[in-house]
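Student: As a plain string of letters, each chain reads:
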Amino acid sequence: GAVVSQHPSWVICKSGTSVKIECRSLDFQATTMFWYRQFPKQSLMLMATSNEGSKATYEQGVEKDKFLINHASLTLSTLTVTSAHPEDSSFYICSARSGDLYGYTFGSGTRLTVV
Amino acid sequence: TQLLEQSPQFLSIQEGENLTVYCNSSSVFSSLQWYRQEPGEGPVLLVTVVTGGEVKKLKRLTFQFGDARKDSSLHITAAQPGDTGLYLCAYTNAGKSTFGDGTTLTVKP
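Those protein sequence lines, which keep their order, are chains F and U. The working numbering runs 351 ahead of the 1-based position in the first sequence. The working numbering runs 29 ahead of the 1-based position in the second sequence.
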């Protein structure tokens, strides 16, 4: 089946530094990928839509200058959390449509902890 | 944005018991998806329901889409500890998935 790989699975960084998270579609091409954030005991909230070869589309309330998204190829999208602060600590998950008409394949997520 | 309300929010049962979780809305959907998410992992798609009144079975899991396509339910028969996780319903619109708040299920051995 379709696989979406995320890296790293967890990262701890110091406040003020930047962190890059990669999302790869391993056995299919994805012109569109999606980035979600999930806080403990909460559901997934869509942050942005990553479009191959063009600018990402951000949901209302998500700072595009803080969460930089690059989708440079059909199999890779990256999310960079710039100048991270403790409130950015969360579980970040990407997804891509893999062929199922209605559902999407999700990555295994990245746990970001900012100290 | 259409709202998906899931209930109950938390459910803790003993192995072997049956349970039903619900996903309700006042909106009509062309389809609804059910996912299961385990701690520290991304959600995994279980099923998509499309037709009003549709019933789909996945081993011990039975999914139903309401006749009016406004709600859905997930019934688990003889729950096992391996069923423990966060169950999420979701709909997709213009490629974006919107999730309910989920039901956290704990099955104790």
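Think of the hints as simulated: they come from the structure by calculation, not from any bench. Beta carbons: idealized from backbone N, C-alpha and C, even for Gly. Possibly wrong hints are sitting among the right ones.
Okay, the calculated bits of chain U under chain F, using three or more residues with CB under 8 Å as the criterion [what the hints assert, rightly or not]: (1) 65 to 79; (2) 127 to 137.
Computed far set for chain F versus chain U, every beta-carbon distance over 10 Å [claimed, not checked]: (3) Ser366; (4) Lys371; (5) Thr433; (6) Asp439; (7) Gly460.
Quick partial rundown of chain F residues pointing at chain U, CB under 10 Å, derived from the structure [stated by the list, open to error]: (8) Val355; (9) Asp378; (10) Phe379; (11) Asn421; (12) Arg448.
Student: Each hint needs a verdict: does it hold in this structure or not?
Tutor: Going down the list of hints, with the structure as the test:
no. : hint       : in the structure
1   : 65 to 79   : holds (count 8)
2   : 127 to 137 : holds (count 6)
3   : Ser366     : 23 Å, holds
4   : Lys371     : 18 Å, holds
5   : Thr433     : 23 Å, holds
6   : Asp439     : 18 Å, holds
7   : Gly460     : 5 Å, violated
8   : Val355     : 8 Å, holds
9   : Asp378     : 16 Å, violated
10  : Phe379     : 15 Å, violated
11  : Asn421     : 19 Å, violated
12  : Arg448     : 7 Å, holds
The structure is inconsistent with the numbered hints 7, 9, 10 and 11, although it conforms to all the rest.
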